[in-house]
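Asks: Input sequences plus hints: build the corresponding full structure.
Protein chains in written order, with my numbering: chain S, 12 to 348; chain G, 238 to 554.
Keep in mind that the hints were calculated from the coordinates and are not lab data.
Just so you know, these numbers come straight off a predicted model, no measurement behind them.
C-beta atoms are modelled at their ideal positions from N, C-alpha and C, and glycine is treated no differently.
Do not rely on the hints blindly, as some may be mistaken.
Simulated restraints on C-beta separations [to be verified]:
1) S:275 <-> G:342: 40 to 46 Å
2) S:97 <-> G:552: 57 to 63 Å
3) G:337 <-> S:97: 44 to 50 Å
4) S:253 <-> G:434: 24 to 30 Å
5) S:120 <-> G:342: 49 to 55 Å
6) S:137 <-> G:247: 57 to 63 Å
7) G:527 <-> S:141: 40 to 46 Å
8) G:304 <-> S:113: 38 to 44 Å
9) G:498 <-> S:97: 47 to 53 Å
10) G:503 <-> S:275: 24 to 30 Å
The residues making up each chain are set out below.
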Amino acid sequence: MSQQEKLLEIKNLTVHYATVDGTVRAVENLNLSVDAGQTLGLVGETGAGKTTTVKTIMRILPVPPSIIKNGEILYKGEDLLKKSQKEMRSIRGEKISMIFQDPMTSLNPVLTVGDQIKEAIELHTKVNKRKAFELAGDMLETVGIKRDRANDYPHQFSGGMKQRVVIAMALACNPELLIADEPTTALDVTIQAQVLELMKRLKVQYNTSMIMITHDLGIVAEICDYVAIMYAGEVVEYGTREDVFLRAQHPYTKGLFTCIPDMYSDDNRLIPIRGLMPDPSNLPSGCKFHTRCDYKCERCEKEEPSVVEVSSGHYVKCFFALPQNVASSKVSVKMPV
Amino acid sequence: MKLLEVKNLKKYFATKNGLLHAVDGVSLEIKKGETLGLVGESGCGKSTIGRLVIRLLEATEGEILFEGKDLAKLNKEEMRRMRCKMQIIFQDPYASLDPRKNVFESIAEPLRVQKVYSDKKELERHIYELMETVGLAQRLANSYPHELDGGRRQRVGVARAIALDPVFMVLDEPVSALDVSIQAQILNLLQQLQKEFDLTYLFISHDLSVVKHISDRVAVMYLGKLVEVSNYKAIFKDPLHPYTQALLSAVPVPRIDVQREKIILEGDVPSPINPKPGCRFAGRCRYCEEVCKTETPPLREISQDHFVACHFPGNRV
Ligand SMILES: Nc1ncnc2c1ncn2[C@@H]1O[C@H](COP(=O)(O)OP(=O)(O)OP(=O)(O)O)[C@@H](O)[C@H]1O
Ligand SMILES: Nc1ncnc2c1ncn2[C@@H]1O[C@H](COP(=O)(O)OP(=O)(O)OP(=O)(O)O)[C@@H](O)[C@H]1O
Ligand code: SF4
Ligand SMILES: [Mg+2]
Ligand SMILES: [Mg+2]
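Replies: Here it is as structure tokens:
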């Protein structure tokens with residue numbers, strides 16, 4: 012993959028939170044990239060550091076307690092971490108926008124949805140009020156809501172419609188990168204299917220790149236091109252959808268697949284991942300997964316495994332990662348660069 | 238043997254916009270030792286049924302027979318004893334936990350109320366055992382609900398419910414707030430407890446994969462009514478109601494090697510306030526005919542032990 016195709020590249024990102032109970036190591040030495048026009052699924056359980064990662068990209072982390080200890084976030088080659096808040100304000104919305112998990116937190120209850128989308132448009136594009144309102148109506152239609160509902164207030168919409176309004180707002184300025192933090196978790200499955208269908212369509216229509224945060228591997232299978240599996244602040248496996256679904260190597264990734272019920276099989280056994288997520292203010296030594304791993308050996312407890320490129324573009328952070336084609340594989344210390 | 242039988246159960250709520258038909262004529266049976274999965278989307282009335290069958294809520298109409306006894310006819314003392322046999326795990330444990338009680342006290346409460354232990358040490362041991370079973374670290378014993386994340390709070394709810402070894406449990410979305418790796422632990426635990434103590438479950442969830450995994454029979458609900466009831470195999474292999482078909486097809490499956498046709502439903506779930514006559518799914522159904530808009534389809538047995546409420550069951554495009 013050539014360097015120009017990369018829209019976003021995160022290098023060695025480390026983000027901590029300083030709290031009274033100690034330092035929370037939310038993101039540790041994280042490497043990731045998103046190619047233009049592609050959707051990256053960021054998968055992980057509660058506390059893995061997903062939201063922290065994307066809020067760092069948006070530069071909307073609360074300071075204090077957050078501290079960006081290290082790293083670069085290259086957006087088209089420019090480091091977002093070096094931008095001023097003023098510069099970031101124009102990047103947010105125009106270039107990168109974000110959909111938050113709970114639609115209500117992003118909607119103003121006392122403004123009509125049309126006015127809210129209109130405001131988002133006015134903030135970032137030079138159009139007059141009438142035109143902006145017309146565009147807001149167009150956006151509503153894009154997400155499957157009739158434009159004559161533009162004068163309704165958020166509480167007059169169902170959960171699914173509210174989430175679609177939030178998507179309309181996020182897309183109003185035609186961002187290059189859309190970050191969606193669990194955008195459908197609060198929705199019913201049939202409504203989720205509508206929203207996912209919409210997101211797929213928008214991706215094709217506008218060639219928008221996306222980072223999709225989810226804990227649902229089903230959603231990943233449906234709309235992601237690349238997948239990053241996060242555990243305790245790190246990416247433990249990264250690759251194409253096929254790499255991760257068909258050739259997963261990290262014990263945590265494999266565990267995620269065997270612990271969810273499979274609707275297409277009658278084999279009624281779930282193999283849970285034993286133990287609990289480690290406390291991010293007190294992370295284990297060595298491989299952070301070793302406390303829950305069935306394959307761990309002595310080395311795992313002491314030494315941190317480096318990242319192995321097991322096949323082109325497929326990275327695994329585990330001592331037992333097996334290069335699939337020895338000739339083309341190399342051991343690197345970083346995730347995709 | 239039937240443990241629970243519900244006949245024509247109704248619950249209407251008076252709201253300022255009219256009468257809300259939360260549960261509208263539901264009949265079902267749960268055999269001893271089995272798990273009945275109750276699925277459906279937000280607001281269709283699942284939790285209301287869960288609360289009605291253990292009489293946390295009084296029904297507007299209908300009969301609830303538990304071990305053959307009509308619950309409405311029990312006096313206070315009989316009902317109190319009956320309550321120990323029936324437990325519920327709530328969807329939102331935050332609302333059900335006392336904010337002033339720490340984890341230890343929350344789990345101790347049912348054991349204390351029922352005076353299970355006279356020995357303090359034994360009580361303590363049992364509580365720590367329960368905490369471990371549900372995946373709560375010992376150091377959390379002194380934490381208060383607001384200091385716990387949703388997952389941990391749910392675990393306290395599970396610990397409380399299993400503390401008294403009930404006969405029947407209403408599990409209202411017991412794993413929805415948990416991480417997938419923890420969800421599997423709890424599901425396995427619930428299944429293991431069921432076998433060990435011959436428990437009967439009403440398992441409420443919006444997650445079809447989970448329901449398929451845990452249930453012997455499944456009831457699909459839409460806007461206050463059951464639309465399809467059968468064993469899990471029939472429901473998942475051969476869904477006959479158009480809503481069940483759409484619901485199943487909408488579930489994202491963590492596989493990239495199955496091709497499925499998605500049925501994307503138009504529109505949103507209609508309001509349960511003063512519902513119109515006819516099939517409640519009519520407005521979103523792709524097989525809807527005139528008769529669907531005027532006549533409410535009854536739940537009929539289409540094939541053995543497979544009940545469907547649709548004028549045109551088993552329709553396919
Ligand atoms: N403002 C904060 N102050 C202190 N700690 C925080 C703060 N925000 C997040 N954390 C901690 O940082 C870690 C990573 O949190 P983050 O929200 O990024 O996780 P996540 O992967 O998004 O989880 P979830 O799936 O629950 O949303 C967690 O342990 C969390 O408790
Ligand atoms: N106390 C109440 N007063 C008025 N309406 C109520 C009350 N309790 C529930 N409802 C309404 O009854 C309907 C059914 O609610 P219920 O909580 O049973 O749904 P549910 O299927 O459990 O949904 P969810 O999946 O969101 O938990 C909803 O429309 C709800 O708003
Ligand atoms: S009764 Fe009619 S509207 Fe209702 S589900 Fe069946 S075909 Fe569709
Ligand atoms: Mg998050
Ligand atoms: Mg409910």
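Asks: All hints are to be evaluated individually against the structure, with a verdict given for each.
Replies: Hints, one by one, checked against the model:
Here the CB-CB span from residue 275 of chain S to residue 342 of chain G is close to 44 Å, well matched to the stated 40 to 46 Å. Separated by about 59 Å at the C-beta atoms, residue 97 of chain S and residue 552 of chain G satisfy the suggested range of 57 to 63 Å. For residue 337 of chain G and residue 97 of chain S, the Cβ-Cβ distance of about 46 Å falls inside the hinted range of 44 to 50 Å, so the restraint holds. In this structure the supplied range 24 to 30 Å is violated for residue 253 of chain S paired with residue 434 of chain G, their Cβ-Cβ distance being about 44 Å.
Hint check: residue 120 of chain S to residue 342 of chain G, Cβ distance near 37 Å, so the stated range 49 to 55 Å is violated. A beta carbon spacing of about 58 Å between residue 137 of chain S and residue 247 of chain G agrees with the range 57 to 63 Å that was offered as a hint. Evaluation of the 40 to 46 Å hint for residue 527 of chain G and residue 141 of chain S yields a pass: the beta carbon distance comes to about 44 Å. As the Cβ distance of residue 304 of chain G to residue 113 of chain S is approximately 43 Å, the hint placing it in 38 to 44 Å holds.
Roughly 50 Å separates the CB atoms of residue 498 of chain G and residue 97 of chain S, a value that falls within the hinted 47 to 53 Å. Taken as a hint, the range 24 to 30 Å holds for the pair residue 503 of chain G and residue 275 of chain S, whose Cβ atoms sit roughly 26 Å apart.
When the structure is compared with the earlier hints, violations turn up for hints 4 and 5 and for no others.
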